[in-house]
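Colleague: Each chain is listed here by its residues.
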Amino acid sequence: MSDIITTSGLCKQYGKVLRVKDLDLSVPEGVVYGFLGPNGAGKSTTMKMILGLVKPTAGTIDVFGRRVNSRSRLAILKEVGSLIESPSYYGHLTGGENLKIISTLKGVPEKDIDRVLQIVRLENQKGKKVGHYSMGMKQRLGLACALLGDPKLLILDEPTNGLDPSGIQEMRELICLLPQQYGMTVMVSSHLLSEIDQLATNVGIISKGELVFQDSLPTLHEKSGRSIAVRTLNNEAAAKVFGEQEISCRIEKDCLLLPELADKELAGYISLLFERHIGVVRIEERRKSLEDIFLELTGTAVSL
Amino acid sequence: MMKALAMEFYKTRRRRVWAIVAALIFVQLLWGIWAARNMDTRDLQQGWMFCLYQFPALNSIMMPVIAAVVASRLSDVEHKGQALKLLETVVSPGRLFGAKFLCGTLYMLAVVVLQLLVIVFMGYAKGFEGGVPFDKLLYYLLFTTAVNLTILLLQQVLSLLFVNQMVSFSVGLIGGLAGLFSMFLPQDLGRFLLWGYYGVLMLVRMDWDRDTRIVDYYYVPADWTGFIILAVMFCTIYMIGRTLFVRKEM
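Same order as they appear, the protein sequences are chains A and B. Under the numbering used here, think of the first position of the first sequence as 36, with each following residue one higher. Under the numbering used here, think of the first position of the second sequence as 179, with each following residue one higher.
Simulated from the structure, these hints should not be mistaken for lab results. For every residue, glycine included, the Cβ atom is placed at its ideal position computed from N, Cα and C. A hint or two may mislead.
[As the list claims (entries may be wrong)] Now the stretches of chain B that chain A is said to cover, found in silico as 3 or more residues with beta-carbon under 8 Å:
hint, segment
1, 183–195
2, 265–277
3, 392–398
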């Protein structure tokens, strides 16, 4: 699978602050790439650099295998749809008129307007002024603008921001539909881990401008290794017993955390504790949540 | 470029930019009717010169405001809906800047053409002596348009760079007042002020006799040096303004 977007050593400096540091992104073709990071991590800046709206301080960007620069930018962007932060619109014009402006400038036939309105389920609101649209409708109109011309790549920056729960669900369904039905590659950013978990097939995690993880979502899940928590009436003595058996363990709150063990092996160690008169009161399997991994990677509390 | 220009006009739908142009012409027509109501034979002899003197004076206060409003109406639509970050993915910022300026140019040109029609209408209606001075009116069209477009350009740059449109409105208002004031100062001082060029490029001067209280108008040669300085100002503002807009990050 070839990469649709690759960046190499991408940096952006504002004043003396380096907002994006040596970013090496690889977005494979046909995936939903979740670009995850806390607020202010540099997600929007990175996406704007890919679209040429912000000039990188250093590094290179390749989209569809072509280097993005001021000359090639617009030719490359003919195959790219984008929705950056809040939707862009002309409030005094209708939804249809807004789409006409973008389709004309993009050189897309006017009949495409009805198609994209149908995809985002706004066909009945085509003649209504966008100023009278709800936030969810404006966001869907923004997505419709991005879909004009059937682009190969969609770049969506926090597309569910400001939407109510039903709007969020609807937007997520729409985004998931795009790679399957239209063969698009989608790069979607969010500060919500749960959202990326539901939407994406690949994940890039950015923290303080640096890429701290990039791989498929299952690989991220694999990081959430299991452990066994044993609570005894004397954890220190129990830890000594496990130490004698060369089992690494650590005391966390009122439990002993052991690595994942086979059932038979674990039963043997528990018997040993009984033999040493150490009362076992609880045994449970623990799994590191995605939130824990995110916290480990970014050092920032995750938004759910 | 034609597509981008057509879309600029399309964007101004329901924005009633033409209403500003119509309002200005209506006010000037009313003023013309009022000013010409009691013209005697002597006034009618100098009727064309009277118009070519009074209209630039009116323009120096009204046109900067009109240019500010037109530029603001064309640029504000982009700020209100944060449309630039989408537009600049489908059209280059340089082309967008050019299309917006051309759109504003056509509105400002329409103002001057309509103004000329008002002058000709006044001339025929009141029976100004002599034929229509087409050469002078052509110079008037050229010079007024040149000043209008330079001011429009400055206003467009301000309106695009600053989200708060009060910045460009304030510049338009203060500039208009300064321009009018500069007409009462020695002509060379007016050359230092963009808004003073309505006065600098006037084709008619006035001679007022304090004792007899009689006003005499007379034609003066076109000030081509002033026109060239204005052209240099236009090119400078265009290059700096366009570069600032193109370099502006979203």
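Colleague: Next step is simple, just say for each hint if it's right about the structure.
Modeller: Status of each hint after checking the structure:
{"no.": "1", "hint": "183–195", "verdict": "holds (count 7)"}
{"no.": "2", "hint": "265–277", "verdict": "holds (count 6)"}
{"no.": "3", "hint": "392–398", "verdict": "violated (count 0)"}
In this structure, only the earlier hint numbered 3 is contradicted, and the remaining ones agree with it.
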